[in-house]
Structures are given as structure tokens and as C-alpha cells.
Amino acid sequence: MSTGVQHLLPCAEPVQLLTEDGTRTDPTSEVRERGYAFPSDEDLLAVWRQMVIGRRFDAQATALTKQGRLAVYPSSRGQDACQVAPVLALQEQDWFFPTYRDSMALISRGLDPVEALTLLRGSWHCGYDPAATRTAPQCTPLATQAPHAAGAGHGMARRGEGGLALCFIGDGGTSEGDFHEGLNFAAVFNAPTVFFVQNNRYAISVPLARQTKAPSLAYKGIGYGIRSEQVDGNDPAAVLAVTRAAYEHARAGRGPFLIEAHTYRLEAHTNADDATRYRQADEVTQWSGRDPIARLRTYLVGTGALTPEREEQVAAEAEEYAADVRERMNREPEVAPLSLFDHVYAEPTPQLREQAAMVAAELEDAHGSEVTA
Amino acid sequence: MSTTTFAQALNRALRDSLAEDDNVLVFGEDVGQLGGVFRITDGLTADFGEERCFDTPLAEAGIAGFAVGLAMQGFRPVIEMQFDAFGYPAFEQVVSHIAKMRNRTQGRLGMPIVIRMPFAGGIGGVEHHCDSSEGYYAHTPGLHVVTPATPADAYSLLREAIASDDPVVFMEPKALYWSKAELELPVTTEPFGRAAVRREGTDVTLVAYGPQVPNALRAAEVAEQEEGWSVEVVDLRTIVPFDDETVAASVRRTGRCVVVSEAQGFGGVGGEVAARVAERCFHSLAAPVLRVTGLDIPYPPPKLEHTHLPGVDRILDTIARLQWDDQPDTTHLAATR
Ligand SMILES: Cc1ncc(C[n+]2csc(CCOP(=O)(O)OP(=O)(O)O)c2C)c(N)n1
Ligand SMILES: [Mg+2]
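Protein chains in written order, with the numbering used here: chain A, 1 to 373; chain B, 1 to 337.
I should point out that these hints are in silico values taken from the structure, not numbers from a laboratory.
Among these hints, one or two may not hold up.
Listed next, the stretches of chain B that the computed footprint assigns to chain A, with coverage defined by at least 3 CB atoms under 8 Å from CB atoms of chain A [claimed, not checked]:
| id | region |
| --- | --- |
| 1 | 50-60 |
| 2 | 66-72 |
| 3 | 91-100 |
Here are some chain B residues pointing at chain A (derived, C-beta under 10 Å) [what the hints assert, rightly or not]:
| id | residue |
| --- | --- |
| 4 | Asp21 |
| 5 | Ile63 |
| 6 | Asn103 |
| 7 | His144 |
| 8 | Leu295 |
| 9 | Pro298 |
Residues from chain A that keep clear of chain B, each with C-beta distances beyond 12 Å, as calculated [unchecked claim]:
| id | residue |
| --- | --- |
| 10 | Val5 |
| 11 | Glu20 |
| 12 | Asp21 |
| 13 | His148 |
| 14 | Ala149 |
| 15 | Arg158 |
| 16 | Ser339 |
| 17 | Glu354 |
Idealized CB from N, CA, C, for every residue including glycine.
Put together the whole structure using the sequences plus the hints.
Here it is, written out as C-alpha cells:
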């Protein structure tokens, strides 16, 4: 057993394959040694397309809060590369563990947008089928999804079908105990689980400096014996390359992997938050200049992979996608009060049956007509 | 027939479940080679392999959360919280995920997880080793809360818990681990949600669960011999689901009811039972429903636990207050004056 930490350590600086102005970096020897291969134009084009659609979706969702169609929406604008690339690189058999922040990632995984927005719409908690989509319900109790992802990874390893678990988490979430227990369990059981920290520099209003003294959140993996990396989270090429390497590592049976992606939340925490109370406008302006979509576009236009026709086509596609979301979300969702009793247990208890009968009678009184369960 | 302890019955239930279903996994702290601090998992690793019964890192939230992930992959985790009070670190996982997952996902993702937990006191344990935490779990929709009091129920209810598609908090009264019965295993007793009349009587119903069932039975004997009261004893067996029917039918027959629960009384399961009886049996009652519970104090040190625990005497004193001579009970008035 190796007692050194060298093989676990992240690069000294976040891995970057595309500069802020969209040109290819000269990869450092560290980056080359770790095999973070620059992705093909075709793969990057797919990421770019999904980011364009994702951002349009995100804007649409924010708009829906203003019309009262969503109870709340935590935007991930600015984190688009993190929302898209790790998810597109997954295989169908893999499980994804998202948080409330990750609606864009859900649609990138191919989930129906209306089902994905169910939680925030307030018509139920989780609107999609976790087993069918291999996507856990969006997790709101911070970091509690980390041990789930460890267990799911371990479970998939037991089944021996090559699946892995991808766990998203925020910078604030890394301070929670469950994050650490999740990492430790994944490491001890050598689970194929990839932890992907979107360090967007804030936990609601609290800046990163209040969460950690660690030079990088990626160092948090070292103490658990987990191979760790930090990446420029606004560089879609680097995010894709590093997550791919992490998946390869996990699938090869070499255990979990921790990635810290340095990124920024351009919007407030949610539509209900006022970010001017805790951060300066020039900070936001600075990060706006590091836009992952613009960066990748510049690069792909430069290589000739992205043509004006293709760009127009994707823009139209994004508009169409948003229009569909808008149209479907503007319909009043169906809610059935008696369904509140349906899934507390596989079989309702006698007490729940009694309460259901009471509610049914109340509904009947209110509507003057029979309500069916 | 052979003599079987409560602990042996639990061990056999785990064995039979492991043998029957490859998806059953047993894990927790010291449950592997050691066989658990109470030896409930004794020999399971040796007989079923490290793959099926294994030790984990020492982290209860991690254990519970890991079980959630495994349940998502079709496994049936049976996890152990080493002691009642050491289940608290896992509380968020239990309440926010294990209990709610089926409901959150509209029935698409169940959590067939059993959380085994030695609970309650009476064994001279130092602090944090004797809590009666059933109230927290019973207050959480989505969980079944099971409290066996006999070796036969220990076996049968644990088998049912592991086969259940819903999560079960399986609370094992540690004071009863060494209790015995003449028993042939496997045995199938009544299912979840059925209380059992352990002793028939006509004057008063004692409702008890878990560690207090033997006490209630002892009190019933003494009451009959010394006072001539005929006491019925109902063992709840499962707190959730709750058997209103059996409890109410008994109280309607006897007209008097004392609820016996080892947990501190305020806001607890005992109060819930008393309220349910009052709601359903008001016109059959000759006296208010009374409770005998632990005191509303943090669990005391071993040398004082006998003061805290509801013993036979406190149960008898409480039965005596059930207005046998048609005089109102003024105990509470006296206490506040
Ligand atoms: C256990 C827990 N504590 C507090 C909250 C309330 N809360 C919701 S989001 C949030 C900030 C989380 O920050 P971070 O992990 O960085 O994720 P981000 O929102 O930036 O994506 C807080 C405190 C919660 N959801 N769960
Ligand atoms: Mg954050």
C-alpha cells in the first residue's frame, strides 16, 4: 500500500484546457500526466448545444417564478459547463444525484422539463421516476445525497454491470458531516462514485472563506484516500476531460474520485434572494466575462466546427424548447388531495385510511360532488 | 420445543432472511466478526461471508445514507444502530430520506430498510445507552415502528420487517435480550398492526409495549392476587401501524385503562395511546385513562434508574387511582397545590 499522497493530489492550479477567450491552453505537464485528453470537436459541440438549451431553459424557469408558475427557482446560470458536461458524459446505466440547484443538469440528462420542475412548481416533491431515469430526487437537505451516492456506487459495483454514481454538491455542502461520511464510505468500500463539487463561491450569502481554510476543496478528498482534482468550472472542455477521467478511474475499479469545479453563480441564490446584500457588482461583472458558453463558442467557431447555420439551428431549438416549457407550465398542474395518502406507505395504515375518508368528506362538502381518489 | 432467548430469535431471523433473499445485507458497527455488542449478528459473517454481513466506518448518518443508496439498487439493507442514543447522528437520513422517499417519489422508490436498534434501559447502562427514542420515530410518517416483547415476536416481526417494502425502525428492548421462551423456530406470529392480548381480564386494561410488557404482566398477577382486580394486558407489538381496534375493544370490555411506557411521558407514545383510547372509549370508561411512564428527566445513572423506570409498584399504584369507589382522583390537584 502506498502511503504517499502524490497520486491523490489535485493539480496545483485548476485544470484549464481553454482560456477565457476561447483558445487552447498549452497543457501543463501535470495535466498531460493525468491524461486529461482534450475532447473532440464533436463532443464539445454537443456540450455547447446543451448549454445553449440549458441556459434558455434556466431563463425560462426564472421567468416562470415572476408569473407565479414556480414557487421558487435556484438558477445555475454561469455554472452551465458544470451542469452539462458531467451529465452528458454519463452512461445510461449510471446514477445521478442532483441538488435543488441542478435543474439544468436534469434536462441535460434528458429528463422531461416539466417533470424536472415539479419540485419547484410545488405540485409534488419529485416529479420524475428515479428508477427509470436513474436519477435520484433532487436533494435539498445539504450533503445528505453524498452517502446515498456512495451506497448506490457500491451497490452497482456489487451488481458488476459497470455503472457508477455521480454526486453533485455545493461548496457550502462540503462543510456538512454527511459530505465527509459519504466520501469516507465511498473510499472504504472502493465505490465507483464521483463527487463533483460546484464551488460557486457562495452558500446563499456566506462566502467560501467561511466554509473552509483548505487551499482547494479538492484537498478534502486526500484525507479519505480519494483521488482528487480541481478544474476551471467555466471551461467546458476541461470539465468534460476531467469528469471523463474520473469516470474511467471509477469504472476501472479504482474507487471514488472528487472534483472541485471553480465556478460562479451569476444569479442570486434563488429568485427570492437579494444578492446585492452580500456581493459586489464588479465581482459579478468579472465572472460574466468568464462565460463558459461564449468561451466554447469562440473555440468551436475557430475550428470551424460551429457554423452560423448550426448556431441558428440550435438557437431556434432552444427557443422551441423554452416555448414548450412555458406552454406546459402555464397550464394549471393537476393536484389530487387524496393522493396525499397514497404513498406514505406501500399500504396505508388504518389511521391514514380514516384521515383519507375525512378529507374525502371535506372535499365532498366543499364541492358538493363526489371526489374520487 | 427448545428454550430460545430473545437474542437467539433475532439472530435466527437474520439468518433465515439472509438465506432466503440474496439482496438482504446486514451492516453496521461491530456487526461483522464480533457479532455485535449484544451478539445479535453472531456468526453471520462466518456463515454468509463478509459480502453479506459487514462492518462499516463508524458513522451512523453514513450507515443510514449508504443504506439508502443500496436500497436504490434493489438491496434490502438491515442496519444496526449500536445503541438508541447513537442513532441520533442518523436522524436526518432516517427522517428526511428513509421515511419520505416513497412519498416524495409518488411511490416509485421505496426504501426497504430495517434499522435495528437496541433501546430502553434497565440493564445498568451509563448515560446515552438507555434512551427510549421510539417517540421520535413514531412521530415520523413513513416509518413503521416495531417493538417486540417476546422471543416469538422478535423472530416473526423481524422477518416481516426485512420482507417489508417500507422502512422499519425495529426497536429491541435490551432488557429482554436474555429473556427466554419454549419455542420452535421458525414461527409466524400475528402480522404488523395487530396488538396481542397477553392476559385476559375484566376490570382494567394495561396497554404496554416492548420492555414494559413483562412488567405489566407481573403487575397484573400481583393485582389479581393482592387486590382481586382482574387485569387484561395488551401488548402493542407495533407502535406503527397502531392497532386501535384491539386496544379499544379491550378497554370497552374492562372500562378502565392504564398505559405503560418506559419512555419519558411528556409528548410521547403513552400520551398518544391514552388520547386514542379516550377518543374511542369515552362512554365505556369508568375512570380517566392514566399513564405510567418514565419520569420527564434525562435517563438517570445506573444507581438511580430504578427510581425512573415504571415498575410493578408504580403500575399498581396507578391502577389503584382508577376511581374504584367512584371518588374522583385528586392526585393532580394535590400535586399542584
Ligand atoms: C441541512 C441543510 N441546512 C440548511 C439548508 C438551507 N440552505 C439551502 S441552500 C443553502 C446554501 C447551500 O450552498 P452550497 O452548498 O454552496 O450550494 P449552492 O446553493 O451554492 O448551489 C442553505 C444554507 C439546507 N437546505 N439543508
Ligand atoms: Mg455554493
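The hints, checked one at a time:
1. With a cut-off of 8 Å between beta carbons, the region 50-60 of chain B has 4 residues touching chain A; three or more are needed, and the interface restraint holds.
2. Evaluation of the coverage hint for the region 66-72 of chain B: fulfilled, as 7 residues show C-beta separations to chain A shorter than 8 Å, against a requirement of three.
3. Check on the region 91-100 of chain B: 5 of its residues sit with their Cβ under 8 Å from a Cβ of chain A, so the three-residue criterion for coverage holds.
4. Checking B/Asp21 against chain A by beta carbon gives a least distance of about 14 Å; that is not within 10 Å, so the hint is violated.
5. Interface restraint check for B/Ile63: the shortest CB-CB distance to chain A comes to about 8 Å, inside 10 Å, so the restraint holds.
6. Hint on B/Asn103 holds. Least Cβ distance to chain A is approximately 5 Å, under the 10 Å limit.
7. For B/His144, the suggested interface contact is upheld, since its CB lies about 8 Å from the closest CB of chain A, less than 10 Å.
8. Nearest Cβ of chain A to the Cβ of B/Leu295: about 29 Å, over the 10 Å cut. The hint is violated.
9. A hinted interface residue such as B/Pro298 counts as satisfied when its beta carbon comes closer than 10 Å to some beta carbon of chain A; here the least separation is about 24 Å, so the hint is violated.
10. Every Cβ of chain B is farther than 12 Å from the Cβ of A/Val5; the closest lies at roughly 20 Å, confirming the non-interface assignment.
11. Every CB of chain B is more than 12 Å from the CB of A/Glu20 (nearest about 38 Å), matching its label as outside the interface.
12. With a closest Cβ-Cβ approach of about 42 Å to chain B, A/Asp21 is found to remain outside the 12 Å limit, as its non-interface label requires.
13. Under the 12 Å C-beta cut-off, the non-interface status given to A/His148 relative to chain B is violated; the minimum distance is some 4 Å.
14. Not every CB of chain B is more than 12 Å from the CB of A/Ala149 (nearest about 6 Å), against its label as outside the interface.
15. Here A/Arg158 does not stay apart from chain B, with its beta-carbon only about 8 Å from theirs, under the 12 Å limit.
16. The claim that A/Ser339 lies off the interface is violated: its Cβ sits roughly 8 Å from the closest Cβ of chain B, which falls inside the 12 Å cut-off.
17. Taking the minimum C-beta to C-beta distance to chain B, about 9 Å, the non-interface status of A/Glu354 is violated against the 12 Å cut.
In summary, the structure is inconsistent with hints 4, 8, 9, 13, 14, 15, 16 and 17 from the numbered list given earlier, while agreeing with the others.
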